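This is what each chain is made of:
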Amino acid sequence: MTNCTGSPAEQWLEAYLQGTMPEAEAVRFEEHYFDCPVCLAQVEALQAAMRALGAQPIKVRKPPIAWPVRAAALSAIAALLVMGFFATRAILHPGQSTVATGPAVSSPQPHPALQAPAPSLTSSALSNLADLALPAFQMHNLRESSGDPHFDAGMKAYRANDCTAAVKTLTRVPEQDADALNAQFYAGVCQMHMDQFAAASKALRALAVNTDCPQQEAALYYLAQIALARNDGAAAHRYLARATALHGDFERRARAELAAIPADAGGK
Amino acid sequence: MIGDQSDVRGTLTQDSAQESHRLVGAIANGDSEAEQALVLRYGKPVRAMLLARSRNPDLTADLFQDVMIEAICALRRGQLREPAKLTQFIVGIARNLLNNHFRSSLRRPESLELPDNLPDLSNSMEVQKEHDRESRAMNAISTLEPLDKAILQMTLVEGLKPGVIAQRLNLNPDVVRQRKLRAIRRVTEIVREESQTGSSGHIVVGRVT
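Protein sequences, first through last, are from chains A and B.
Numbering-wise, the working numbering puts 221 at position 221 of the first sequence, and it's gapless, one number per residue.
Quick note, the working numbering runs 1000 ahead of the 1-based positions in the second sequence.
It is worth saying that the hints were derived from the structure and are not from the lab.
Note that the structure is predicted; figures quoted are calculated from it, not measured.
Heads up, the beta-carbon is just placed ideally off N, CA and C, and yes, glycines get one too.
You may find that some hints are simply not true.
Restraint ranges, calculated between C-beta atoms of paired labels, are given here [what the hints assert, rightly or not]: (1) A/137 x B/1164: 43 to 49 Å; (2) B/1126 x A/56: 34 to 40 Å; (3) A/84 x B/1185: 52 to 58 Å; (4) A/156 x B/1054: 26 to 32 Å; (5) B/1096 x A/206: 23 to 29 Å.
Below, computed lysine to any residue pairings styled on SDA-like, alpha-carbon distance capped at 20 Å [said to hold, decoys possible]: (6) B/1149 x A/157; (7) B/1161 x A/130; (8) B/1149 x A/78.
Chain B stretches covered by chain A per the calculated footprint, using a threshold of three residues with CB under 8 Å from any CB of chain A [what the hints assert, rightly or not]: (9) 1024-1038; (10) 1061-1070; (11) 1073-1080; (12) 1177-1191.
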């Protein structure tokens, strides 16, 4: 029998199937999955995906340029047109000043709809924004159980809202286990839920800097929640901005919170 | 790269080694059921390996039979001295036949001794399973967001790196890495999950979680 939970395949599958893995490593991976049904199933699944994509290719369209870039380009064109207008006028009517000499006009007021919304919160009430509820448990794989008993027990406690037991068990999941990152994430949010912000931040920060970690975005979002709970608007803004930049599941929530952080609390 | 070889192999326990001993001994003694069991045990990984290395389903089907015939012939002759190394032995045969194929423009089937009473090496059932897996993969891909589908295609079919994909899609490379990782996991897990719930009768050595 094998105790493998699929870590070798998760780590090397893509490079192996793309042929970018060094030969010696590829042979070792082959010798592993020849006797490991878990990793073999992953190899077969991704091969099926490659065939499916090859048979019915998806038309890839470049997304439109983000609106700030487009707005900047339009502003530049508008500025050039205005400059051109005044330059032409100066050439055709050299005696006239281009400076308005009429009665003083009060500076135009922007349309109310375009005015920046008033901050909805004072900086001292930032903690009201913090979403410290436990996120629903979403197994990144669809297996009913992990290979590690601590993870299974920890997530059972998590689902029962027993954060103390969950943290105690999840922190015992070995680092090399396929669910180690999941365990670290859920232990971190449990600590956050129990107001153990220092420990939670430590766990989540490790995930937030790991670009190969599927929980990176969620970790950034919950780090922002911790910062909000501590009334640290600048840190919350920083984490939320990084979370939105990943355009993932937390983007909308993070954007809404970014908009609600007042400027005097570190919001831009 | 893949850690210490012992780490990877360490996951295999005695059942697998005992099964190897049993198969090697039985095939050397002319047990045809053991030959069939060998084909069941190694058929899927041999196909997966040949396909991964050749990317050619037709060639995979041809070479699969050659690999199994050569392995059975060698085992009948008692050529494998260390039964515990049965897996490496099969991997080696598959790799050698594939390399021979690529080295030579002419296939050399005459080099194979074709014995009588070979186990069933037909792959019609496996071809059907592959079609099923492919349609499940397509269904899984259809559940992804358009951006994730695009990233998956550019990664798996076009072989592009996240940096290049990021440039093409006006995205941050970290975003591409995250989305690629999630999409691959989602698709492989859905295909695997459905394979496991729908599969029956396949002999596997080990625990399927």
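Discussion item. So, against the hints stated earlier in the document, which numbers end up violated here?
Written reply: 1, 2, 4, 5, 6, 7, 8, 9, 10 and 11
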